[in-house]
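Please put together the full structure from these sequences, using the hints given.
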Amino acid sequence: RKEVEQDPGPFNVPEGATVAFNCTYSNSASQSFFWYRQDCRKEPKLLMSVYSSGNEDGRFTAQLNRASQYISLLIRDSKLSDSATYLCVVNINTGRRALTFGSGTRLQVQP
Amino acid sequence: DVKVTQSSRYLVKRTGEKVFLECVQDMDHENMFWYRQDPGLGLRLIYFSYDVKMKEKGDIPEGYSVSREKKERFSLILESASTNQTSMYLCASSLLGIEQFFGPGTRLTVL
Numbered sequence: 001r002k003e004v005e006q007d008p009g010p011f012n013v014p015e016g017a018t019v020a021f022n023c024t025y026s027n028s029a030s031q032s033f034f035w036y037r038q039d040c041r042k043e044p045k046l047l048m049s050v051y052s053s054g055n056e057d058g059r060f061t062a063q064l065n066r067a068s069q070y071i072s073l074l075i076r077d078s079k080l081s082d083s084a085t086y087l088c089v090v091n092i093n094t095g096r097r098a099l100t101f102g103s104g105t106r107l108q109v110q111p
Numbered sequence: 001d002v003k004v005t006q007s008s009r010y011l012v013k014r015t016g017e018k019v020f021l022e023c024v025q026d027m028d029h030e031n032m033f034w035y036r037q038d039p040g041l042g043l044r045l046i047y048f049s050y051d052v053k054m055k056e057k058g059d060i061p062e063g064y065s066v067s068r069e070k071k072e073r074f075s076l077i078l079e080s081a082s083t084n085q086t087s088m089y090l091c092a093s094s095l096l097g098i099e100q101f102f103g104p105g106t107r108l109t110v111l
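Sequences listed follow chains A and B, in order. Okay, so the first sequence: first residue is 1 according to this note's numbering, each after it adds one. Okay, so the second sequence: first residue is 1 according to this note's numbering, each after it adds one.
Treat the hints as calculated values from the structure; they're not laboratory data. Quantities reported herein were computed from a predicted structural model and do not represent experimental measurements. C-beta atoms are modelled at their ideal positions from N, C-alpha and C, and glycine is treated no differently. Some hints here could point you the wrong way.
Partial selection, computed: residues in chain A whose CB lies under 10 angstroms from chain B [as the list claims (entries may be wrong)]:
1) S28
2) S30
3) S32
4) K42
5) P44
6) K45
7) A98
8) T100
Okay, here's the thing in structure tokens:
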């Protein structure tokens, strides 16, 4: 079983739609959670951290459910520029400073 | 802005060659990482370093070694390249081990 699992998609949505991605993680000792965004043929970049209380950044909302061990990302009013792969990322605090990445969910926003 | 640079964007090598991939960061970050990214598998950690001359194995270190002689530079070495090492290689750095900043990647093809 992968440590971080995501639906690979693609999610094809029209402009203006609301879309949600989920991600599950297997290690209950996981401490920190993030969403990274990766554009085609580019490097990943931090989109937002995910806090226990949930957090919002403009059109993006991230939530964490520790009991069920999943993280979600909601994108409202999708833009063409939101088309990318969204990586769910977890820090399993075993003393390592490394992150564990999901394989990503691809979003394609269509005009 | 944090800048992470990698020595090559594209590299073609032959089986059995020794390959050096160089990564340089300009933000005085202590932590540096090497990942490979393959379709459907996401980013997998090869090695990381949390200080000069310090290194730790990641999830898939076999066939690779690393060198960190200076804080800003982290090198990945393929002692004898094989076709199954054809991949996208991404270097990253971080200060506190949370947000990681990635280089543009090196697409390595081993023939």
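The hints, checked one at a time:
1. S28: Result: violated, 19 angstroms to nearest chain B Cβ.
2. S30: 13 angstroms, violated
3. S32: Nearest chain B Cβ about 6 angstroms off; hint holds.
4. K42: 7 angstroms, holds
5. P44: 5 angstroms, holds
6. K45: Holds - the Cβ of K45 (chain A) comes within 10 angstroms of chain B, reaching about 7 angstroms at its closest.
7. A98: 5 angstroms, holds
8. T100: 8 angstroms, holds
The structure does not agree with the numbered hints 1 and 2 stated previously, though it agrees with the rest.
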